[in-house]
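Protein chains: 2
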Amino acid sequence: MAAEGERVLSIQSHVVFGYVGGKAAVFPLQCLGYDVDVVNTVNFSNHSGYGRSGGTKTSASELNAIFESMEHNELLMPTRLLTGYIPGAEALSAVSQLAKKLKHAKPSLIYLLDPVMGDAGRLYVAPDVVPVYQEMLPLATVITPNWFEVELLTRIKLKDLVSLQRALKILHEEYYVPNVVISSIPLKSWLLDSLPDAIKPSSDSENLLCISSSTTPISSPSSSISMTTPLSSSTSTIHAQCVPTLPGYFSGVGDLFSALILAHFLPHSTPANPQCTPLSAAASQALTKTHALLQATHDYAMTLPEEERLPTDDELDAANPLRKTRRMRGRELGLIKGQDIIRGVGIDETNTRRLQLWDQFWESS
Amino acid sequence: MAAEGERVLSIQSHVVFGYVGGKAAVFPLQCLGYDVDVVNTVNFSNHSGYGRSGGTKTSASELNAIFESMEHNELLMPTRLLTGYIPGAEALSAVSQLAKKLKHAKPSLIYLLDPVMGDAGRLYVAPDVVPVYQEMLPLATVITPNWFEVELLTRIKLKDLVSLQRALKILHEEYYVPNVVISSIPLKSWLLDSLPDAIKPSSDSENLLCISSSTTPISSPSSSISMTTPLSSSTSTIHAQCVPTLPGYFSGVGDLFSALILAHFLPHSTPANPQCTPLSAAASQALTKTHALLQATHDYAMTLPEEERLPTDDELDAANPLRKTRRMRGRELGLIKGQDIIRGVGIDETNTRRLQLWDQFWESS
Chain G
-1 MAAEGERVLS IQSHVVFGYV GGKAAVFPLQ CLGYDVDVVN TVNFSNHSGY
49 GRSGGTKTSA SELNAIFESM EHNELLMPTR LLTGYIPGAE ALSAVSQLAK
99 KLKHAKPSLI YLLDPVMGDA GRLYVAPDVV PVYQEMLPLA TVITPNWFEV
149 ELLTRIKLKD LVSLQRALKI LHEEYYVPNV VISSIPLKSW LLDSLPDAIK
199 PSSDSENLLC ISSSTTPISS PSSSISMTTP LSSSTSTIHA QCVPTLPGYF
249 SGVGDLFSAL ILAHFLPHST PANPQCTPLS AAASQALTKT HALLQATHDY
299 AMTLPEEERL PTDDELDAAN PLRKTRRMRG RELGLIKGQD IIRGVGIDET
349 NTRRLQLWDQ FWESS
Chain X
-1 MAAEGERVLS IQSHVVFGYV GGKAAVFPLQ CLGYDVDVVN TVNFSNHSGY
49 GRSGGTKTSA SELNAIFESM EHNELLMPTR LLTGYIPGAE ALSAVSQLAK
99 KLKHAKPSLI YLLDPVMGDA GRLYVAPDVV PVYQEMLPLA TVITPNWFEV
149 ELLTRIKLKD LVSLQRALKI LHEEYYVPNV VISSIPLKSW LLDSLPDAIK
199 PSSDSENLLC ISSSTTPISS PSSSISMTTP LSSSTSTIHA QCVPTLPGYF
249 SGVGDLFSAL ILAHFLPHST PANPQCTPLS AAASQALTKT HALLQATHDY
299 AMTLPEEERL PTDDELDAAN PLRKTRRMRG RELGLIKGQD IIRGVGIDET
349 NTRRLQLWDQ FWESS
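As you go down the protein sequences, you meet chains G and X in turn.
According to the working numbering, the stretch in the first sequence is residues -1 to 363, in order.
According to the working numbering, the stretch in the second sequence is residues -1 to 363, in order.
Chain G extracted, bound-state conformation (with noise of 0.2 Å):
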């Protein structure tokens, strides 16, 4: 549970049905203990995956309006932020005034920017998004792009093991974000050769690496660590985990996974497994949870009648788009009944997806 008095500010989406955006990150953290004011940027009925959404964008002056009377009120007091989806650069640019303010009041502070932009290939937002966010990105204490978000905020292509150091580099010492999280890399052959045998998945079925990478070094270095180049004139530790992937999309797992990073992100303790650093550990706790609701998620959606758990299937969904409809309701995740597993209830050392230390990364080529 979260410490007394740690209380988040999260600016990101809001749908009424369904879960994405604060939808699947605020209850996750009132579940571990934090208070949490919830700024919406958008009000809408439901996520774009189902093709029509009712609703509204808040504008940056809504926004600002709203920051000004809490700052006023004297209410802006969280110990951390935790923004999301801000769908156009002048609301964004608003949150990042908001962001400077609060960071300069308390350095302490503990900002995690999700930098939703788009996935694999497809942005959501408007392309002048991007520049924002890259001035944004020295506010930040965690940042947890996907694969797609990393390219564009670094203008690398991940195509190889180098490039993905190149990425991680710029990260870090171009724009100073201490603790990178990449939920979601696709295992191609050129990750999966690199990865330690630590790593490697145990099983052929498909698979996704998450890898966190962080400034902060293992608080007690293992013998083969030390026995190479000292941590400390590498760019960061990295640690890594696979992941088996599920059948199917499912809406709000970034937002979900970051949730829970954040939630778990305790810089100031020693984490208990001396080969973690604050950030593998908070991935860790993430990833195991995350995982445990989409495989509950998944398994509840089997349980549906047919038709709302039919294949993706372009041509019939234009057809008949309530076929889509159908099936992403049946995939929303199952926050609620799965909220024991947030809280923690059964996961134990046993059953945890620890991320790994890779410690040959920097040294790999």
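No lab work stands behind these hints: they were computed from the structure.
Just so you know, nobody snuck in bad clues.
Below 27 Å or equal to it, Euclidean Cα-Cα: the simulated BS3-like pairs (lysine-lysine) are: (1) K322(G) with K55(G); (2) K335(X) with K101(G); (3) K322(X) with K99(G); (4) K322(G) with K104(X); (5) K104(X) with K335(G); (6) K104(G) with K335(X); (7) K101(X) with K335(G); (8) K186(G) with K198(G); (9) K167(G) with K186(G); (10) K55(G) with K99(G); (11) K99(X) with K322(G); (12) K101(G) with K167(G).
Given chain G, put chain X in place with the hints provided.
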């Protein structure tokens, strides 16, 4: 926990900071196992008690756009509806149309209508909201007006037991509301004197009375009732319980209380206690948990620095508005810290504030 497939559509205010409206209602419903679809009728920085708040109201056309997209996507599938603060008649009419549509499509829909209009003689919505609520009452399964709202809806001044009887009769028989809970009636002498001994407060400290009035008979009438008039000939089954008042004002208590009543209202299961109606059983749970959360909030406020718990003083507050906002901030409901209370941890038969049967209510005058 809520039964499988239970889903609440909640339509009320949103504030970024603090716990009123949806922020007081949604988390408790989620903790108790309900998926909640969350429509924000306003998006404000904080509740109006702070004196200044930034943000916007959601217009009727914005609400309709949201409802229409949800209908189009087959996402209007609540088993329960909860409506609270809706500040204008036009927006309220949009909600009324939706409630009619939902009730028509699913007559078993449980609709808890909290006619949020004002408190202690002061109206905080537009006056033309009142007739719209009167029109909506026949749609409701449960209503939770406060003392002042009962007067507004029935045009009866509550000044003695007879006027209270008349007001309840109007709500049940002219507006066809099967279940009414009035959460907190000041225990003036006419009310105190008419209470049966089992309900009279045990101490001399200031008390409020919570009354439930249900057209559902109790499952097993006690011998004392069967000796008098059979319940079926009375207007309703009345239960009541006193609760000691806590010093000072807390915001959002009514919103929390209504959400807890809705969460615990199980009209199709027989209450464990044969002297209860489903309504009085739900109100007992809601009263117990609300009072325990208030007590915890009060205890916490007492630990704050002195400037955050200064007593109300209109003159000093006017000279220094922050004096008031700091007091408000310290008195925000402690829902997150107190989430175990919401889940019922430590609440059992011995410490439940059970509403007691008031079997002579309709015979008294």
